[in-house]
Each structure stands twice: as structure tokens, then as C-alpha cells.
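A.B. asks: Protein chains in written order, with the working numbering: chain A, 19 to 328; chain B, 19 to 328; chain C, 19 to 328.
Treat each hint with caution, since some may be false.
To be verified - The calculated label-pair distances, taken between Cβ atoms and stated as ranges, are: (1) Met171(A) x Gly137(B): 54 to 62 Å; (2) Thr277(B) x Pro109(C): 22 to 30 Å; (3) Thr108(B) x Pro58(C): 55 to 63 Å; (4) Val191(A) x Val165(C): 56 to 64 Å; (5) Val165(C) x Gly137(A): 47 to 55 Å; (6) Leu223(C) x His251(A): 52 to 60 Å; (7) Pro81(A) x Leu77(B): 26 to 34 Å; (8) Ser168(C) x Met171(A): 16 to 24 Å; (9) Leu241(B) x Gly79(C): 27 to 35 Å.
It is worth saying that the hints were derived from the structure and are not from the lab. Ideal Cβ placement from N, Cα and C applies to all residues, glycine included.
Letter by letter, the chains look like this.
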Amino acid sequence: MKHIKTFFSSVAQVMFQGNVSCGILFIVGIFWGAYSAGTPAVAWGALVGTAVSILTGYLLGYPHNEGEQGLWGFNGVLVGCALMTFLGSTPLGWAALVVCSAMTTWVRTALNRLGEPLGVSSYTFPFVMSTWIFLAAARMLGGIDVVALSHPMLPASFVHLTHSAAPSFIDFVEWTLRGVSQVFLIDSWITGVLFLAGLLIASPLSALWAVIGSAGGAALALLFGAPTEAIAHGMYGFSPTLTAIALGAIFLRPSLRTTIWALVGIVGTFFVQASMNVLLAPVGLPSLTAPFCIATWLFILPTFKNQLKN
Amino acid sequence: MKHIKTFFSSVAQVMFQGNVSCGILFIVGIFWGAYSAGTPAVAWGALVGTAVSILTGYLLGYPHNEGEQGLWGFNGVLVGCALMTFLGSTPLGWAALVVCSAMTTWVRTALNRLGEPLGVSSYTFPFVMSTWIFLAAARMLGGIDVVALSHPMLPASFVHLTHSAAPSFIDFVEWTLRGVSQVFLIDSWITGVLFLAGLLIASPLSALWAVIGSAGGAALALLFGAPTEAIAHGMYGFSPTLTAIALGAIFLRPSLRTTIWALVGIVGTFFVQASMNVLLAPVGLPSLTAPFCIATWLFILPTFKNQLKN
Amino acid sequence: MKHIKTFFSSVAQVMFQGNVSCGILFIVGIFWGAYSAGTPAVAWGALVGTAVSILTGYLLGYPHNEGEQGLWGFNGVLVGCALMTFLGSTPLGWAALVVCSAMTTWVRTALNRLGEPLGVSSYTFPFVMSTWIFLAAARMLGGIDVVALSHPMLPASFVHLTHSAAPSFIDFVEWTLRGVSQVFLIDSWITGVLFLAGLLIASPLSALWAVIGSAGGAALALLFGAPTEAIAHGMYGFSPTLTAIALGAIFLRPSLRTTIWALVGIVGTFFVQASMNVLLAPVGLPSLTAPFCIATWLFILPTFKNQLKN
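Please model the entire structure based on the sequences and the hints provided.
C.D. replies: Pasting the structure below:
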């Protein structure tokens, strides 16, 4: 029973909630999205990644109360989704998934030791760092199939001059929901609805900021002329979603000042996102949630202590 | 009146001077260089960038005495020069400039928190980091025009085997002055003279080291066979100029030991500069003043406390 | 006499031994490997690099006891081997070698100041960082010949699908020995035997872990289908060799737990190695011992204090 609680709390912690019902709805959303896209391995990867990273915390003898809040497992969920999205579901692919999810548990401890004196945490960066290592390695290793990584290329190729028509309101809502679902690398507006429902149960303020973040990212991407295809699939929404929840509902005391700060944080995350899409092009790696981590560090570090919660 | 003082001190702080007359001469130099090159937006960008980054310090409620020494604004001046050098002067280009200069003020606070326990500051790295983000993003965003970034390419293409004739003394002086002017991304020997005049008013020792740094960078680049075109436009001079002032006149107590150390620092900066020109080639970004920041960290961190000023 | 002791201790410290006889055998191994490969400059580079980096420690007035344990010089040996492996043996090439080895001494002090509060050291990263700077710079500088760096390319080109036959036992032993010799960038199984003999004199446990690390790296590379050519030349062995000695024999108290941890560390190092081969491809730089440094940080930082030696 306790372990089931730990499991679902871990899934919910991806969006900073230690709430079991929220975690259950997230898992339902992941299964819906993965099965409807014909990639069931993504959903099973999420389960395995979560379980392995939690188990690793127990094996390493880390303090249980941390793990039971879901803090061991949230990077593992994302590793599971990412590795089964980009790599083939082969025995060696699953072996990579197991090593990579386990690794996030101690990489998190390692990175948190760096951030501790500065009052920041590693957020989802253990997932980003470990996943980058395994995805890059997969290109070199014939035993692991790369099925969905974009082709490495020089960023010169993507100067976009066309300006596409503004989307309808319905389209924009759908893009915003896809942005929320892309937090777990799922491309489905229905999953977006399920994720928001989970957030609503756990923290209505978080749900509100998730919508503002995803919609804000998409709106900025439209305004500044990012490729429409990417916006429509939520690629400019997922990192701002996380930044918005982090700054608007989790780490800062809500006030007019911090509300404005969270809105500026969405703008910052958008530009970091666009830049990382360019910087990672030559090695053909996805940015994952790195733009959220980088932007949130840049917006939390310079904040006055009296604006930080606890 | 106080605001005018803050404004010009900020411009002067790019070369570590909190001196109003020096800042005025720097602005004159920027205007001369920008107008004579037919890119007036660079000069106006410098003014807007400075003003925005100072205003941001007030809005965030940071301690005023810091800002009035010019420490909020010096990254903003450089953002203004850089964004209007590399990007088109369009409404969205100016919007990017405003967000990017504002960002330097809190990124500086964030990065200084990292450096504080080690006794180092972020120097111009908030400018470098923010500008890299916006320049890279601009390649992805159709709404922002890229007008002068070099084409992304694999560094294989630049193995240079030719050895060009040594420049005349007059040429070498001109290259040295251009190196000084390139600190603000201006390519004009007259601007170099104006910048040196400003330094001379504020700190003759700084002016001397600026000349040594720029000349040293150019001489090393000639000796080791860097592309002559780049040397002639001061591209190997600007980062060593800043390192030389930092190590020779600002952060270390002048002595025979620290004088030799500053000279070695120029050599170190030169190699970091050459390496970054290669490392950034695949993404087509300029090194900006990153070689100065990296070299200065590597030369300040291992210094004994009794060689550091205050 | 004292200086001779310092010299050979420095060479031995590359594999964490402050033992003169071990250092002598390492130098013999380097000379054998360099001369038998027809690249004698590599061996002489090792001598010069060591001497310069030790001399730099004295000139900078760093505490002598550190230097005499071999801690000033071990990065310099590696710089000497690396620069004379990849660059031409010309006057300017040797000038670069002198500056680069000297630099490792203070870069080590600088980086150790970052790691100190976290209880980690910079390991061979001063060598990695300084060498990357000079190798990248060499591509830009006509005065320094690049003779053996791999061509910069987009990593797309190396998706390997072939699965080669398993090596014979004798082959595998040879590959393992080459992995050990590649720690000093030497590609010779005889050198591998000499290095292991040196380790055996200084610390039999270290020798054992060196074999486990190199064999483990090669075995994982075979299992996951890395290019056979690279495995046969020890390219997947040298970083795991260092990680294995570091975690198995040097930094952690030997126990069942830490033994398993060192084995997992070999797995981690292998994936970091494969990923860096991809990430560095666009700039055509070798990973050097960076995979060892990164993996060892990630495995030491999250370790409980009571598992760390002293």
C-alpha cells in the first residue's frame, strides 16, 4: 500500500505534486496517449522507469521520507517515457532504460548537493542529463536502435521566413492541451485534459498556471514565428508549463510581484527553448525539459529570500 | 542628474571603470563607430540596452548602491550593441533586445551567487549567456531577422596553411585600436582612440593594460597564424584587452608577480579565444566576451588571497 | 634526488599512485609504446609536460607537499602525451605544449576550489580542459599542425548496424591491455603490461580494478555494439580503467557495497564514453579522460560520507 502511494506520488511530482490521485490520472493520461499513438512501450516504459528509480533509492539506503514524497521516482517516469519514445523497444533498449532510470536517483542526489547551498534543487535535470547521455550513446551503439531522434544537422537549414495564418481558438486550445501533455512526451490533447484534471485535484493554482504556461509558450512562439508544426504539437508548451507551475504556484509566495515574475519566467523559458532547439541540432538531441530547468534556476536564484516559500 | 551618472557609469563599467567622463567618451566612440559603419541602430541599441537593464534593477528592488556604481547596466550596453549588430532592427528585434537586456540584470545576480563563495564575479558573462540565448533563438524564429551571424559550419573547413606577410607598424597600431573598439563590437580605430581616452581619464593603468592586451592578442594571433582578416578587424584583441585590464589593473594588487601573471593571462585568453571560434562554429554563434570571462576565472581562482585587492 | 622522486610520483599519480617505481614503469611503458609506434615525440612530450607542470607549481609558490606527492605533475604528463599525439612536433607545437602543461597546474587549483566544499577533486579534468582548448585552437591556427584529430562531422554518419563476430579470448586480453595503455594515449598491449606491473608494485588492488575496468568497458562495448575497431584499440577501456581504480581502490572504503558501486561505475562510464564520442563529433575533439571525470563525480558526490576514505 505504502509502495503504491510512493509510486503514484512520484509520477505526480513531475509537476511538483505529491498527490496519489493526481499521479493516477497522470498514468491514465500516459496510457491513453501512448496507446492511441500506437506506442504502448512508452506507457510501460514509464511504469518500469518509475519502479526502477524508486527501487534504487531503497537499495542505496537514501532517507525514506524523501522517496515516499515521490522525489526518487519523478525523473524515472520521464526517462521511461523518453527512452521508449526515441529508442527501439528491444532487450538492450530496455536494459538502457533500467540503467538510465536507476542513475537518475543518484544523479539527483549528486546535483542537489551542488544546488543546496544556493537554495535551488535539480528539478528534472537528472532526467535530462541521464537521458542525453543514453540517447547520444545510442547513436554510437549498434545494439540500441534509434527510432525517433531528429537527424543531426547544422542549424543553418532552418531559417524560416514564412508567416502562417493565426490558428482558430479551438486549434489554439488543442495546442495548449498538447503542450501540457508533452511534459511527459505525449502528444495528445485528451492526455492534456487528464493531466489538468490531475492537477486540479492536487492544486487548482498549479492547474491554472499550467494552462497559462502552455498557452503563453504557444502564443509567444506564434508571435515570434516559430515553426507552426512544432507549436501545434505542443513543443513550445511543455517547458513553460513547468516553469509556470514552479514559479507561480510552488517555490514563490503568491503575490502580485511573484505573479508578474512567473509571467516573465514564461517569456524567458520560451527563448531558452528556441535557442536550445538550435544549439542541440548538430548532435540531434531533443531539449527535453532542460529549458524549464535552466530558466527556473535563472529566475529562482536572483529572488529575495522573503519571496521564497519556506 | 543621479540617473545620468548611473547611466554613464554603467557604460564605463564594461571596462571596470565607474567614471562618468569615461562613460561619455565610450558613448561618443560607440556613436562614431556605429554611424560611420552605417549601422546607427547599434548605437541606439546601446542606449536602450543600458537604460532597460538599469530600470530592471530598480524594478526588482536590488540594492541601489550597486546599480549607481554602474553594475546593473554594463551587461545591457553590450546586449544593445550585440543584438543590433547581429539581428535586424525590426519591432520584434527590439522586443528581443528589451527582454534580453532586462534579463542580464537578474542573470548577473543569479551568477554572482554562484561565484560569491569563490571570490569571483560574473564579469560580462550575463551579457554573453543572455545574448547567446537570443541569437540562437533568432535562427529558429522567423519573426527575428538574422543579418550578420556567421553561417553554421563544421570547423574542418578552416585549416589555414598560408602565412601572410607581417603587417607594417602603422597597420599593427590600427589593429590594436580596433581590438579595443571591438570590446563594444565596434570595428573602428577612431573609436579605439576614444575608448582609450576614456580609460586614460578614469585610470591610466587600465589604459596601458588595454593597449598591452589588445596588442598582445594581435601579436600572438600573428605568431600562431590565425586568419589575418580576423586579426585586422580586432577579433583577437577585445577579450585579451578585458583580461589585461582585469588582471593588471583591477582585481590584483600591482606587483612584479601580478604583472607577469597578467601577461600570462593574455596568452591564456588568446588560446581560449581561438578555441571558442572553433567550438562555436557548428552553431554559428560569436564568442562575444566569453574568452575573457573564462580566462579571467581561470587566472583569478588560483590566486592567493593576499594578491587580490580588498 | 627529491626532484626525481617528485617527477616519477607525478607520472604514477595519473593512476592515483604516489609511487616512484610505479612511475618509472609507466615512463618505460610510454617510451616503449611511443617508439614502437614511430611517434617518439609522444614520449618526450610526456617528460617535458611533467617537468613544466611541476616547475609551474614551484614558480607559483604552491604548497610543496602537494607537488611532491605528484599532484602538480600528473595532468602535465597527459598533456605531453596528448599534444604530441594529435599535433605536429614543430617549434610552435612545443610552445603550445609548454603553455598547456603549465596551465594545468593552476587550472587544477582553480577547479579544486570549486570541488572542495563538495568533497570531490578535479581528477584529470585540468588536463582535459586545457587540452581541449589547445586542440580546438590548433584547428584555427595555421602555425600549429593538426596531424591526428578526427575530422569534424555530424554524428548522423555513424549509425552502425553490423554485428561483428565475438573476439577470441587472446584478442580480448590484448584489447583489455590496450585499454590500460590508452590511459596515456598509448596503443600497445606491451605498454599495458608494463602499466599493470607498475600498479602491481604500488597497489595490487588498483591493478586488479584496472583490469576489471578495462575488460568491463570492452565487454560492454561489444555487448552494445560499439565499433569493433575502436574497442580493439582500447578506446572503450581507458576511462573505465580510471573510474574502476578510483571507486574500487582509492576513494571509497572497500566493502561489498562499494565493490558493487565500482562495478556500476564502470557501466556508467561506458555510457558517458559512448555519448561523448557522439557529442564531440561536430568539433572533432577526442573525449580524452572526460568520461572518467564525469562518471566519477556522479558516483562520488551521492556517496555517504562513511563510505569515503578519510
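A.B. asks: Does each hint hold? Answer for all of them.
C.D. replies: How the hints compare with the structure:
| no. | hint | verdict |
| --- | --- | --- |
| 1 | Met171(A) x Gly137(B): 54 to 62 Å | violated (42 Å) |
| 2 | Thr277(B) x Pro109(C): 22 to 30 Å | holds (26 Å) |
| 3 | Thr108(B) x Pro58(C): 55 to 63 Å | holds (60 Å) |
| 4 | Val191(A) x Val165(C): 56 to 64 Å | holds (60 Å) |
| 5 | Val165(C) x Gly137(A): 47 to 55 Å | holds (49 Å) |
| 6 | Leu223(C) x His251(A): 52 to 60 Å | holds (53 Å) |
| 7 | Pro81(A) x Leu77(B): 26 to 34 Å | violated (41 Å) |
| 8 | Ser168(C) x Met171(A): 16 to 24 Å | holds (19 Å) |
| 9 | Leu241(B) x Gly79(C): 27 to 35 Å | holds (29 Å) |
The structure fails hints 1, 7 (numbered hints given earlier, in ascending order).
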